[in-house]
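Asker: For reference, the chains in residue letters:
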Amino acid sequence: MSQQQGLEITLEFGGGAELLFGNLKKHQVTLPACEGKWTIRSLLTWMKDNLLKERPELFIQGETVRPGILVLVNDADWELLGQLDYEIEAKDNILFISTLHGG
Amino acid sequence: MPVKCSSSCGKNAILKRPKTGDALCKDCFFWAFETEVHNTIVSGHLFKKGDTVAVAASGGKDSTVLAYVLKVLNERHDYGLNLVLLSIDEGITGYRDDSLETVKQNRDDYQMPLKILSYEELFGWTMDAIVGQVGRKNNCTFCGVFRRQALDRGATLLGVNCVATGHNADDLAETVLMNILRGDIARLQRCTSIITASESEGSIPRVKPLKYTYEKEIVMYAYFKRLVYFSTECVFAPNAYRGHARAFLKDLEKIRPSVIMDIIHSGESLQVKDDVKLPVRTQCTRCGSVSSQELCKACVLLEGLNRGLPKLGIGKTSLANRAREQQDAQKTRIVNCDF
Ligand SMILES: [Zn+2]
Ligand SMILES: [Zn+2]
Ligand SMILES: [Zn+2]
Chain L
62 MSQQQGLEIT LEFGGGAELL FGNLKKHQVT LPACEGKWTI RSLLTWMKDN
112 LLKERPELFI QGETVRPGIL VLVNDADWEL LGQLDYEIEA KDNILFISTL
162 HGG
Chain R
698 MPVKCSSSCG KNAILKRPKT GDALCKDCFF WAFETEVHNT IVSGHLFKKG
748 DTVAVAASGG KDSTVLAYVL KVLNERHDYG LNLVLLSIDE GITGYRDDSL
798 ETVKQNRDDY QMPLKILSYE ELFGWTMDAI VGQVGRKNNC TFCGVFRRQA
848 LDRGATLLGV NCVATGHNAD DLAETVLMNI LRGDIARLQR CTSIITASES
898 EGSIPRVKPL KYTYEKEIVM YAYFKRLVYF STECVFAPNA YRGHARAFLK
948 DLEKIRPSVI MDIIHSGESL QVKDDVKLPV RTQCTRCGSV SSQELCKACV
998 LLEGLNRGLP KLGIGKTSLA NRAREQQDAQ KTRIVNCDF
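Protein chains in written order, with this note's numbering: chain L, 62 to 164; chain R, 698 to 1036.
Rather than coming from a laboratory, the hints here were simulated on the basis of the structure.
All figures in this text were calculated on a predicted structure; none of them were measured in a lab.
One or more hints might be untrue.
[As the list claims (entries may be wrong)] In silico EDC-like links for lysine to aspartate or glutamate, alpha-carbon gap of 16 Å or less:
hint: 1; chain 1: R; residue 1: Lys768; chain 2: R; residue 2: Asp806
hint: 2; chain 1: L; residue 1: Lys98; chain 2: L; residue 2: Asp153
hint: 3; chain 1: R; residue 1: Lys716; chain 2: R; residue 2: Glu733
hint: 4; chain 1: R; residue 1: Lys801; chain 2: R; residue 2: Asp786
hint: 5; chain 1: R; residue 1: Lys708; chain 2: R; residue 2: Asp724
hint: 6; chain 1: R; residue 1: Lys701; chain 2: L; residue 2: Asp136
hint: 7; chain 1: R; residue 1: Lys951; chain 2: L; residue 2: Glu124
hint: 8; chain 1: R; residue 1: Lys716; chain 2: R; residue 2: Glu731
hint: 9; chain 1: R; residue 1: Lys723; chain 2: L; residue 2: Asp136
hint: 10; chain 1: R; residue 1: Lys716; chain 2: L; residue 2: Glu140
hint: 11; chain 1: R; residue 1: Lys708; chain 2: L; residue 2: Asp136
hint: 12; chain 1: R; residue 1: Lys701; chain 2: L; residue 2: Glu140
hint: 13; chain 1: R; residue 1: Lys951; chain 2: L; residue 2: Glu140
hint: 14; chain 1: R; residue 1: Lys713; chain 2: R; residue 2: Asp724
hint: 15; chain 1: R; residue 1: Lys713; chain 2: L; residue 2: Asp136
hint: 16; chain 1: R; residue 1: Lys947; chain 2: L; residue 2: Glu118
hint: 17; chain 1: R; residue 1: Lys922; chain 2: L; residue 2: Asp136
[Unchecked claim] Pulled from the structure, derived: some chain R residues nowhere near chain L, Cβ distances all over 12 Å:
hint: 18; residue: Leu949
hint: 19; residue: Glu965
hint: 20; residue: Cys981
[Unchecked claim] Far from chain R by the CB rule (all over 10 Å, computed), these chain L residues:
hint: 21; residue: Gly67
hint: 22; residue: Gly83
hint: 23; residue: Leu105
hint: 24; residue: Ile121
hint: 25; residue: Ser159
For glycine and all other residues, C-beta sits at the position ideal for the given N, C-alpha and C.
Pulled out of the complex, with its shape left as it was, chain L reads as follows (with noise of 0.2 Å):
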């Protein structure tokens, strides 16, 4: 199934994370039309190419986050929702916590 508008998610970033997106903790976006359906994986190269801003090797590393980030979907791990495979819905929340910053 296509997406013919596009689709309005929030993004939120916490743990230190949001330093690497102009360090702004939210950002409403619109993922444009596409061919099947979003899912965290395509979000991830839409981010790299669209939203972050230094560094990208301190957030994405190969097809995922790095390691010690961490992922929730309206306030639910990712690792309970199939993670890179999730399907992104409108108005989802998708928050990223580094936990790689200080003690």
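Start from chain L and add chain R with the ligands according to the hints.
Answerer: Positioned in the frame of chain L, the structure of chain R with the ligands alone reads:
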């Protein structure tokens, strides 16, 4: 389709536990997290009723969660502890001054007294000034050594029975790995113990109530409890060696999720044969703190800074002695010329 909580409470799960793979809802997670820390405290005999315990508070996630959970457990299980916050101000502009604001927030939120001690008042040097002298290459050595001693002195000043630090399972596994790679047998033996330095050795014991708690759960706990912590990286070069150990462990975890616990267990199980010579722990002749050398590392580093020979404590002891002698000889020569 939301996943249901493993404990069949009927609620939706919010977290997959790294240790067990269980899916838990928010309330069952809070309960499991707190109960495990409680079990660690009880089975490790970390505290006695009536103890005054200083929580080493940096404003970061680990110590913020530690202070909070100790307060909760102290009330829930009637530990009878008097909890205080102890913070070290290294004197790093734009980093520590901001994180100390977080600690002050902890003080107000958790109603715990707070003591802040600075490198400047203890050693006469701020980290900013030290970096000015030594550059950005070895500054983490200074920072680490001075922090350890600063915590000891702060604990003595406050007259506490022990200091609780926020070291978590991930930190510990990293430390075990680093000590193996360095071949540091003495530290390898000490680093996994849940209580370090007994009172008989003259220094105040350190305890690690979060020793078996995963970093992921600490961050998730802070997030779901809405605890405010400070998460900016130190403005000076981060500890690169630890960074490599951490990256390696994270890669291992993908293949074998239990690797963190496995490595801690290995560290705990390692026994050094009786006939292996380990450095004898005595007291520093200058400041009296526990040391395996005549002068403790902090005193050597401090001497280096004050002599304008900042490399003194970083290389081998023999090199340090030679540098010291050379400078002394030079001074004598200058003095002689004055006659
Ligand atoms: Zn840590
Ligand atoms: Zn539950
Ligand atoms: Zn000393």
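Asker: The structure should be examined with respect to each hint, and the outcome stated for every one.
Answerer: Results for each hint:
1. Pair hint Lys768(R) plus Asp806(R) holds up; C-alpha atoms about 11 Å apart against a cutoff of 16 Å.
2. In summary, the hint linking Lys98(L) to Asp153(L) is supported, as the alpha carbons are separated by about 14 Å, within the 16 Å threshold.
3. Distance check on the hinted pair: Lys716(R) and Glu733(R) sit about 12 Å apart at the alpha-carbon level, within 16 Å; holds.
4. In summary, the hint linking Lys801(R) to Asp786(R) is supported, as the alpha carbons are separated by about 12 Å, within the 16 Å threshold.
5. Note on Lys708(R) and Asp724(R): the hinted pairing holds, with a Cα-Cα distance of about 9 Å set against a maximum of 16 Å.
6. This hinted pair checks out: Lys701(R) and Asp136(L) have alpha carbons roughly 14 Å apart, not beyond 16 Å.
7. A distance of roughly 14 Å separates the Cα atoms of Lys951(R) and Glu124(L); the hinted pair therefore holds under the 16 Å criterion.
8. Taking the CA atoms of Lys716(R) and Glu731(R), the gap is near 15 Å; set against the 16 Å cutoff, the hint holds.
9. Restraint check for Lys723(R) and Asp136(L): satisfied, since their Cα atoms lie roughly 10 Å apart, inside the 16 Å limit.
10. Our distance criterion of 16 Å between C-alpha atoms is met by Lys716(R) and Glu140(L), whose separation comes to about 13 Å.
11. Restraint check for Lys708(R) and Asp136(L): satisfied, since their Cα atoms lie roughly 14 Å apart, inside the 16 Å limit.
12. Of the supplied pair hints, the one linking Lys701(R) and Glu140(L) holds, its CA atoms being roughly 13 Å apart against a limit of 16 Å.
13. The straight-line distance between the Cα atoms of Lys951(R) and Glu140(L) is roughly 12 Å, inside the 16 Å bound, and the hint therefore holds.
14. The hinted pair formed by Lys713(R) and Asp724(R) meets the criterion: a straight-line CA distance of about 13 Å does not exceed 16 Å.
15. Restraint check for Lys713(R) and Asp136(L): satisfied, since their Cα atoms lie roughly 12 Å apart, inside the 16 Å limit.
16. For the hint linking Lys947(R) to Glu118(L), the alpha-carbon distance of about 15 Å falls within 16 Å, and the restraint holds.
17. For the hint linking Lys922(R) to Asp136(L), the alpha-carbon distance of about 12 Å falls within 16 Å, and the restraint holds.
18. Not every CB of chain L is more than 12 Å from the CB of Leu949(R) (nearest about 10 Å), against its label as outside the interface.
19. The Cβ of Glu965(R) lies farther than 12 Å from every Cβ of chain L, with a closest approach of about 21 Å, so its non-interface assignment holds.
20. Annotated as non-interface, Cys981(R) keeps its C-beta farther than 12 Å from every C-beta of chain L; the closest such distance is 26 Å.
21. Here Gly67(L) stays apart from chain R, with its beta-carbon at least about 25 Å from theirs, past the 10 Å limit.
22. Consistency note on Gly83(L): stated as away from chain R, and its beta-carbon is indeed over 10 Å from all of that chain's, at 15 Å minimum.
23. Here Leu105(L) stays apart from chain R, with its beta-carbon at least about 17 Å from theirs, past the 10 Å limit.
24. Every Cβ of chain R is farther than 10 Å from the Cβ of Ile121(L); the closest lies at roughly 14 Å, confirming the non-interface assignment.
25. With a closest Cβ-Cβ approach of about 7 Å to chain R, Ser159(L) is found to fall inside the 10 Å limit, against its non-interface label.
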